[in-house]
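Trainee: The residues making up each chain are set out below.
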Amino acid sequence: MNIVELQQAEKHYQGVEALKSIDLSLQQGEVLGLFGHNGAGKTTTIKLILGLIKPTAGQVRVFGEDPTGENAYHLRRQLGFLQENVSFYQQMTGREVLEYFAKLKGCDKKQVSVLLEEVGLAHASMRRVKTYSKGMRQRLGLAQALLGQPKLLLLDEPTVGLDPIATQDFYHGIARLKAQGSTIILCSHVLAGVEKYIDRALILGQGQLLAEGSLATLTEQTNLPITFHLQGSNLQLPAELLPNALEINGGYKLHVNQQQKMATLQQLLALPSLENIDIHMPSLEDIYTHYMNDIQHMDLSQ
Amino acid sequence: MNAILIVANKEFHDGLRNRWVMSISLIFALLATGLAYFGAAASGQAGFTNLSTTLVSLASLAVFVIPLIALMLAYDGVVGEDENGTLLLLMTYPLSRWQLLLGKMMGHWMIMAFSTIIGFGLSAIIMGLFSDNTTWGELLMPYAFFITFAILLGWIFIAIATMLSASVAEKSKAAGLALIVWFIFVFMFDLSLLGLLVGTEGNVNAELFPYLLLLNPTDVFRLIIISFFADQQLSGLMAVAQHAQFSTFSLISSMLAWFIAPVLAAIALFNKRKL
Numbered sequence: 001m002n003i004v005e006l007q008q009a010e011k012h013y014q015g016v017e018a019l020k021s022i023d024l025s026l027q028q029g030e031v032l033g034l035f036g037h038n039g040a041g042k043t044t045t046i047k048l049i050l051g052l053i054k055p056t057a058g059q060v061r062v063f064g065e066d067p068t069g070e071n072a073y074h075l076r077r078q079l080g081f082l083q084e085n086v087s088f089y090q091q092m093t094g095r096e097v098l099e100y101f102a103k104l105k106g107c108d109k110k111q112v113s114v115l116l117e118e119v120g121l122a123h124a125s126m127r128r129v130k131t132y133s134k135g136m137r138q139r140l141g142l143a144q145a146l147l148g149q150p151k152l153l154l155l156d157e158p159t160v161g162l163d164p165i166a167t168q169d170f171y172h173g174i175a176r177l178k179a180q181g182s183t184i185i186l187c188s189h190v191l192a193g194v195e196k197y198i199d200r201a202l203i204l205g206q207g208q209l210l211a212e213g214s215l216a217t218l219t220e221q222t223n224l225p226i227t228f229h230l231q232g233s234n235l236q237l238p239a240e241l242l243p244n245a246l247e248i249n250g251g252y253k254l255h256v257n258q259q260q261k262m263a264t265l266q267q268l269l270a271l272p273s274l275e276n277i278d279i280h281m282p283s284l285e286d287i288y289t290h291y292m293n294d295i296q297h298m299d300l301s302q
Numbered sequence: 001m002n003a004i005l006i007v008a009n010k011e012f013h014d015g016l017r018n019r020w021v022m023s024i025s026l027i028f029a030l031l032a033t034g035l036a037y038f039g040a041a042a043s044g045q046a047g048f049t050n051l052s053t054t055l056v057s058l059a060s061l062a063v064f065v066i067p068l069i070a071l072m073l074a075y076d077g078v079v080g081e082d083e084n085g086t087l088l089l090l091m092t093y094p095l096s097r098w099q100l101l102l103g104k105m106m107g108h109w110m111i112m113a114f115s116t117i118i119g120f121g122l123s124a125i126i127m128g129l130f131s132d133n134t135t136w137g138e139l140l141m142p143y144a145f146f147i148t149f150a151i152l153l154g155w156i157f158i159a160i161a162t163m164l165s166a167s168v169a170e171k172s173k174a175a176g177l178a179l180i181v182w183f184i185f186v187f188m189f190d191l192s193l194l195g196l197l198v199g200t201e202g203n204v205n206a207e208l209f210p211y212l213l214l215l216n217p218t219d220v221f222r223l224i225i226i227s228f229f230a231d232q233q234l235s236g237l238m239a240v241a242q243h244a245q246f247s248t249f250s251l252i253s254s255m256l257a258w259f260i261a262p263v264l265a266a267i268a269l270f271n272k273r274k275l
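Chains A and B, in that order, give the protein sequences. All residue numbers for the first sequence refer to our numbering, where the first residue is 1 and numbers rise by one. All residue numbers for the second sequence refer to our numbering, where the first residue is 1 and numbers rise by one.
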């Protein structure tokens, strides 16, 4: 059974097509990255899965059931959600906030202390949320999402406001949850660092599905070149590579087709004056930019 | 624990924490005690006087204060959560919309009931201790009656405020609407009825006209209090009602209708609210 299943799901708001015919299926233990510009339809997709809104057309299934239907009540116990910019209740302490949500979710109060410890808020748990920094609020939000050990986690911009170390910790947490069998949907603008932790990416643009697949698949699909940075004094490149090379700072920047990676590499290594070589594979950011450029061109041609 | 009670309990504790309960109790206690002591000042004497005079005067004052407090207490109930971002989050929890709304209202009702009992109850105790011509037994029933309907009046305006809160997108809009509602029920309504009387030189259907009073919960509240302390000389708009001779039962029923209608409307509006 697929944990999440969207079939031709569409959502219109007063004539505006927020989401156009999205297909998606997510298996247990998968981590999906959901990317797109502002207004691309990320939040709409998340709201559909959470059952907060009904699709205008198509079908949405979570754990095989309609998230807005009769059984929504039970489904929601197995869902964890962290939204963007939640400020919680300013007058309550971190612990009180978490206890309130724990009661509503019907889970054991003991979890509260454990989760506060886990997200590193134990020392500040008796302080009012009003005094929390943005990062601390984010961590409180994360603890909230993890209440009741949800089988499906939806995290909207989870690392906003977190410092690099906390971001690392967060992603390690994601890896741990995945290992425990949780299915996770991660929504983010910040692409650097995410790729290691996601199994698949889904790129949305203006309500449309632009690309979907594992990083390897997407890299292949986009066919973005690999970039070599070559260093060496009096470096002489073979003639056939020169058209794709750019001379910078006494070295070269060379774009190579993915299929020719190994062949070119061998060729380069044979060069006597090569001192250093830096290989840059197309990153998630490059793939994302590629698709975003595509959609901009589409816009211009319309 | 039931979801409604969890939400209500949180709201009530917020009320304690924000000093709402304390402030409202204090206002009510001062108002009631002050009125009981100085109520007869116009006739040249100070001190605790006639109980029914006191309570009828208190009712006229309460119709200004109670709706205002109730509206202030509850106008941001839904809109505030929305602006916090917690409304969306709560809706992903195993909690229906109506449960959340009813829980919020119940929490505010608890704050109102608690403060009203403490505030007016305190003034009853002060009166019992310091007044020479009233005994405890005489105090108990009238005050219990008064407090019960004062609470109901507060609940009505909490439900109205929640209804407003569920139907607008911004806190400032809810506040503005709450103020307008207060102004209409407390000033405009009675004023326009009086205006109607004066304008037509009293040439209105004497049978039908008093029933217009039932369209305003604050007037119904005053009529109920007056009907209980029937020995009072009535003045102003309240005198109009004497012709109609509303039974206490019909007055209480219309007050209950005023309570139930906005509760249902609030739930209906909240169900339609976009997240």
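Treat the hints with caution; some may be incorrect.
Calculated cross-link-like contacts (lysine-lysine; reagent style PhoX-like; alpha-carbon spacing at most 20 Å) [claimed, not checked]:
| id | chain 1 | residue 1 | chain 2 | residue 2 |
| --- | --- | --- | --- | --- |
| 1 | A | Lys54 | B | Lys171 |
| 2 | B | Lys274 | B | Lys173 |
| 3 | B | Lys274 | B | Lys171 |
| 4 | A | Lys134 | A | Lys103 |
| 5 | A | Lys54 | A | Lys103 |
| 6 | A | Lys54 | B | Lys274 |
If you are wondering where the hints come from, they were derived from the structure by calculation, not from laboratory data.
Trainee: Would you check the hint for Lys54 of chain A and Lys103 of chain A, treating anything up to 20 Å between C-alpha atoms as holding?
Mentor: Distance of about 27 Å is beyond 20 Å: violated.
Trainee: Is Lys274 of chain B close enough to Lys171 of chain B, meaning Cα to Cα at most 20 Å?
Mentor: OK: Lys274 of chain B and Lys171 of chain B at ~16 Å, within 20 Å.
Trainee: Could you grab the alpha-carbon distance between Lys274 of chain B and Lys173 of chain B and see if it respects the 20 Å cut-off?
Mentor: holds (16 Å)
Trainee: Is the Cα-Cα distance between Lys134 of chain A and Lys103 of chain A 20 Å or less?
Mentor: Violated, at about 25 Å.
Trainee: Is it true that the CA of Lys54 of chain A sits at most 20 Å from the CA of Lys274 of chain B?
Mentor: holds (11 Å)
Trainee: Given the proposed pairing of Lys54 of chain A with Lys171 of chain B, does the C-alpha separation stay at or below 20 Å?
Mentor: Violated, at about 27 Å.
The structure is inconsistent with the numbered hints 1, 4 and 5, although it conforms to all the rest.
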